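Going by the numbering used here, the residue at position 54 of the sequence shown is 122; the numbering climbs one at a time, nothing skipped.
One thing to keep in mind: the hints can contain errors.
Here are the simulated EDC-like pairs of lysine to aspartate or glutamate, each with C-alpha atoms no more than 16 Å apart in a straight line [what the hints assert, rightly or not]:
#	residue 1	residue 2
1	K154	E110
2	K168	E95
3	K168	E110
Here are the in silico distance ranges between beta carbons for each label pair [claimed, not checked]:
#	residue 1	residue 2	range
4	H99	Y130	34 to 44 Å
5	I73	K155	15 to 25 Å
6	F82	L143	16 to 26 Å
7	R129	A158	38 to 48 Å
8	R89	Q126	34 to 44 Å
9	H102	Q126	33 to 43 Å
Please keep in mind that the hints were generated in silico from the structure rather than gathered at the bench.
Note that the structure is a prediction, hence the values are computed from the model and not measured.
All C-beta atoms in this analysis are idealised placements derived from N, C-alpha and C, irrespective of residue type, glycine included.
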Amino acid sequence: MLVFIVFGLLMCYFCLQMVVRPAQFAERIIHFSHWRYFHPFEILTRLGFGLLFITYAQATRYPLFFDIFGLLMVLVALGLTFTPVKKHQAFALQVAQQLKPYFRYVGLLTLPLGPFIILAAI
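Use the sequences and the hints to build the structure in full.
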């Protein structure tokens, strides 16, 4: 269950960063997209967390949610596996630039997901 607590805390941290500093958050995405291991890191973290969510879903209060959330992460990871690195980088840049004005709202809307995951796992 520790993995869900860590995931939930990371969700809270990133959501709060979007709320408090949306412009800096967008700049970090742009900077991260130029990182050498950006593409494999995105694939492996989504795949790893997705498989953990699916594997341990039955030990949570809401197994169906954890199964679906995990499956979505695995599917995105598989999709990224077949996406060229340059296309993935271009998409990240486009999202960071176009959605910068909306990061604050996205952060507010997704912030409850972090505590929900934590509470569902303990």
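**Report entry** Unmet hints by their number, sorted upward, for this structure
**Finding:** 3, 5
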